[in-house]
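Student: In case you want the letters, here they are:
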Amino acid sequence: MQELGKAESSTTRITRQNDNVVVIEKDLDTEHMLLSMGPQHPSTHGVLRLECMTDGEVVVQAEPYLGYLHRCFEKYAEKVDYPGIVPYTDRMDYLAGMNNEFAFCLAVEKLLEIEIPRRVEFIRVMVAELNRIASHLVAIGTYAIDLGAFTPFLFCFRDREHILSLLEWASGARMLYNYIWIGGLAYDVPADFRKRMAEFVTYFKPKARELYRLLTENEIFVQRTKGIGIMPADVAINFGWSGPMLRGSGVDWDLRRNDPYSVYPELEFKVPLPDGKFSEVGDCLSRHLVRALEMEESLKIIEQCLDRMPEEQGFDSRAAIPKRIRPRAGEVYGRAENPRGELGFYIVSDGKSTKPLRCKARSSCFVNLSAMKELSKGQLIPDLVAIIGSIDIVLGEVDR
Amino acid sequence: MSPLPFLNTWSEALSGLTIKGFPLGLFIVAAVPLVFIALYALTYGVYGERKISAFMQDRLGPMEVGKWGILQTLADILKLLQKEDIVPTVADKFLFVIGPGILFVGSFLAFAVLPFGPAFIGADLNVGLFYAIGIVAIEVVGILAAGWGSNNKWSLYGAVRSVAQIVSYEIPASIALLCGAMMAGTLSMQGINVLQSGPYGFVHFFLFQSPVAWLPFLIYFIASLAEVNRAPFDIPEAESELVAGYFTEYTGMKFAVIFLAEYGSMFMVAAVLSVVFLGGWNSPLPNIGPVTLNNWTSGPAWGAFWIIMKGFFFIFVQMWLRWTLPRLRVDQLMYLCWKVLTPFAFIGFVLTAVWEIYMR
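Chains A and B supply the protein sequences, listed in that same order.
Quick note, the first sequence lines up with residues 12 to 411 if you use our numbering.
Quick note, the second sequence lines up with residues 1491 to 1850 if you use our numbering.
It is possible that part of the hints are untrue.
Claimed, not checked - So, partial list: chain A residues that the calculated Cβ filter (under 10 Å) puts toward chain B:
{"hint": "1", "residue": "Ser47"}
{"hint": "2", "residue": "Gln51"}
{"hint": "3", "residue": "Glu68"}
{"hint": "4", "residue": "Phe166"}
{"hint": "5", "residue": "Ile392"}
{"hint": "6", "residue": "Pro393"}
{"hint": "7", "residue": "Asp394"}
{"hint": "8", "residue": "Leu395"}
{"hint": "9", "residue": "Ala397"}
As the list claims (entries may be wrong) - Computed footprint of chain A on chain B, listed as stretches where at least three residues anywhere in the stretch have a Cβ under 8 Å from a Cβ of chain A:
{"hint": "10", "region": "1538-1551"}
{"hint": "11", "region": "1721-1727"}
{"hint": "12", "region": "1817-1829"}
By construction, these hints were calculated from the structure, which means they are not laboratory data.
Note that CB positions come from ideal geometry on N, CA and C, so glycine has one too.
Starting from the given sequences, assemble the full structure and let the hints guide the process.
Tutor: See the structure below:
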C-alpha cells in the first residue's frame, strides 16, 4: 500500500492498494467551530476574550486576547508624583488594593531607604492579610459559580462584606483604599479596631470551615476539579507562575517567607501545599485548596499582629513620610506576595524628578494567564471554565 | 372510583356545556391547567424559588414590591411585557418563534392526564402514564428549535446538550416508572391512584408497599431532575459556561414563556413522582381507631390539596438541590445516566418483578 498524496484537505487520502486499484478515502467532513468566549461572558471574570477552536465540546485550542481593560498604568506612573501613583495601584488588582499599595510602597521605600515605624508595619501586614482573605473569598466564590454552585458565592460575599466594612472603617473606602502611603499610612487605625478585628477572626473561623464543608468537600465539586488542568511544577516555574498557582503545583515558594519583607519574619505561619492525597498535585482542586487553606493562615497572621502590635498614644502614622519624595538616582525592584502571586514594581528614578522615570508592574495574573493556551489544549468547555476560574485572574491587573 | 357515577371526569362534565352553540365548557377545560400553571409559576415557582434561595443564602430576597415583596413576580411580568421582543436578524425566524411555543405546549399537554382528585382529571387515558412520559419529550423539539433557530453558538451548544441529556435520561426515568406501573398493573393515572388508596394512608403507597420501590423512586427523582434541566443537571443552560444555553437570544414574553414551561415541567415531574410512588391525591394520614384521619382528609378538594402539596414538596427538594450543588460536567452526566442509573433501573425493574410475582 502506497500513499499517493493528500488532496484538497487532510481528510482525504488517496492510496494505491495494488497495481491498478486506487482507493480514495474521505473522512466524515467535520469542521472546527470558532467560539469567541468573551469579552462579555459570565465566566471570564471580566473582559477577557478567549478565542476557542472547538471540535464539538472539546476545545482544540484557546487563545486569550487581552487589553480590553488597559488603562496605561505604566505611562500614567511616569506623569504623577510617587504618592500619586498609589491610588493607581489600587485600581490594578481591585480585589486586593491593600496588597498592591503595599508592594508599591515597599519598592519606593527601598529606593528611599527610610525606616518605617513598627506600628505602621503591623497595621500594614494586618490590612494586607485581611485583604488577602477578602480576595480569596472572591476567588473561591466565583470559582463556585463557575462550577454551578451559587450558594457558596453568596456566603463568601457575606463574609467579605465584614472585611470590607472593617477596611472602610480604617481607610474610608471599600475597595480603592489609598491607605498605605509611602513611608506610613494615611491614618492610624480607629480606636476599637483591635477589638473588632478580634471579633471578625472569631466570627470567620467557623464560617471558613462551613465553606470548606459546603464546597471543597462536595463530591461533585471534587469530580469537576480533580485532575483537571494539571500543571507540572517545572512547567509552572518556566511559565513564571507565582502565588497560589505555583504552590498548587507543589512548589514551596512564598515571598512572605522566601524573600521576607516588613514584619513577616517575626510571624509564624505555614505555607499550605497540596499533599496529593485529596487532590492531584497541580490540578484545579489543588489551587483551590491552597487558597482555602491560606485564608486560615492569614487569620493566624492577623491574630499574631493583634497581639504584637505596639500600642502608642497619639501615634502619628504620617510621621515617617518624607516631606518631598525624591529618591536617589537608581533603580529598584520591590515585590510582595499578592493574593494572586508575586506583584513586583520595577522603578527607575533619575534622582532629580519627583516622578519615576519608568515604572513597570510585574503583574501576577498576567503571568499566570500566559499558561492558558497550554492548559486549555484538548479540554472540554466546562473544564476550560474550571481552569480559567482556578487561575483567578483580575483583568484590572492583567491589562493594567 | 368516581363520586359521580355517570361522569368519569370533570372535563367530561364541562365539555358538554355550551351556551348558544358556543362550546364554553371546552374552553374552561383547556383553560384550567393553564391558569393553574400560571398561578403556580407566579406564586410558588418564581416568588417561592427566590424566597427559598434567599433564605438558604442568608439573604432576604425580594422585599420592595408589596409586603415581603409578594408582588415582585407581577412587577417582573409587567416588565417582561414591556420589553422589546427581539428576533435576531440572522435567526431562523420560524424556528425561533415556534421554539418556546412547542416547549410550552409540551409541558402544558402533560397536565391533561394529571389527576387532581378522584374525578378531577383532564382525560383519564388508559395509557396516561405512557402519555405523560411521551408528551414531555416534545419539549426536546422545542429546545432544539429554539437553540438552532437562534443562530447563536452558545444556544446551539445548549440545545445539543439538552437533547442528548433529555433523550438519555428518559430511559432510566421510564424504566423506573415502569416499576410503578408493574406494581399497579395499569397505566391509567387514576387507576394507579385508586390502587394506592386505603384506610391506612401512606401504608398503601407504592413506595411502602414493596421493599424495593425506593430504588425506582430515587432513580426517577434523579432522572426527572435531568429531564427538566434542573441543577445539578442544568448543563443545557449552564450560565457560567453557555451564557444561558438555548434561550440566550430570547427576550420579553418569549423568555417568560420558556420560564413558564420550565416551571410547568418541574411540577409535572414532581406530580408524576407523587402519583406513581406516593399515592397522588390520596391522603397520607392513616385511620387510627376512632380517629379516622384518612376519611377526614379525603375528598375532591383534599385530593387536589394533597397532590399539589406533594408536588410542591418535591419542587422544594429540587430547589434545595439547585442551591446547594455544583453542576456536573457533560461527560459525567452521561456517565451517571448510562453506567449508573440505567443499570440500577434495570435491577430495580427485575427486583420489582420478582417481588410482584413471588412475594405478594
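Student: Interface hint check: Asp394 (chain A), Cβ to nearest Cβ on chain B, cutoff 10 Å. Holds or violated?
Tutor: At about 7 Å, which falls below the 10 Å cut-off, the nearest Cβ of chain B leaves the hint on Asp394 (chain A) intact, so it holds.
Student: Using the nearest Cβ pair, does Pro393 (chain A) come within less than 10 Å of chain B?
Tutor: 5 Å, holds
Student: Any CB of chain B closer than 10 Å to the CB of Ala397 (chain A)?
Tutor: 9 Å, holds
Student: Would the hint on Glu68 (chain A) stand, with a C-beta cut-off of 10 Å toward chain B?
Tutor: Constraint on Glu68 (chain A) satisfied, holds at 6 Å.
Student: Mind checking, does the region 1817-1829 of chain B have 3 or more residues with a CB under 8 Å from chain A?
Tutor: The restraint on the region 1817-1829 of chain B holds, since 6 of its residues have a Cβ under 8 Å from chain A and three suffice.
Student: How does the coverage statement for the region 1721-1727 of chain B fare against chain A, requiring three or more residues with Cβ below 8 Å from a Cβ of that chain?
Tutor: Per the Cβ count (4), the hint holds.
Student: So, as I understand it, the hint says Gln51 (chain A) touches chain B; can you test that by seeing if any CB pair is closer than 10 Å?
Tutor: Since chain B brings a Cβ to about 9 Å from Gln51 (chain A), closer than 10 Å, the hint holds.
Student: Mind taking a look at whether chain A covers the region 1538-1551 of chain B? Criterion is 3 or more residues with CB to CB distance under 8 Å.
Tutor: holds (count 5)
Student: The hint names Leu395 (chain A) as touching chain B; please verify it with the least Cβ-Cβ distance against 10 Å.
Tutor: Nearest chain B Cβ about 8 Å off; hint holds.
Student: Does the nearest C-beta of chain B fall within a distance shorter than 10 Å of the C-beta of Phe166 (chain A)?
Tutor: 7 Å, holds
Student: Grab the minimum C-beta distance from Ile392 (chain A) to chain B and call the hint holds if it beats 10 Å, violated otherwise.
Tutor: 6 Å, holds
Student: Would the stated hint for Ser47 (chain A) survive a check requiring a Cβ distance to chain B of less than 10 Å?
Tutor: Check passed: Cβ of Ser47 (chain A) comes within 8 Å of chain B, closer than 10 Å.
This entry satisfies every hint, going by the numbered hints stated previously.
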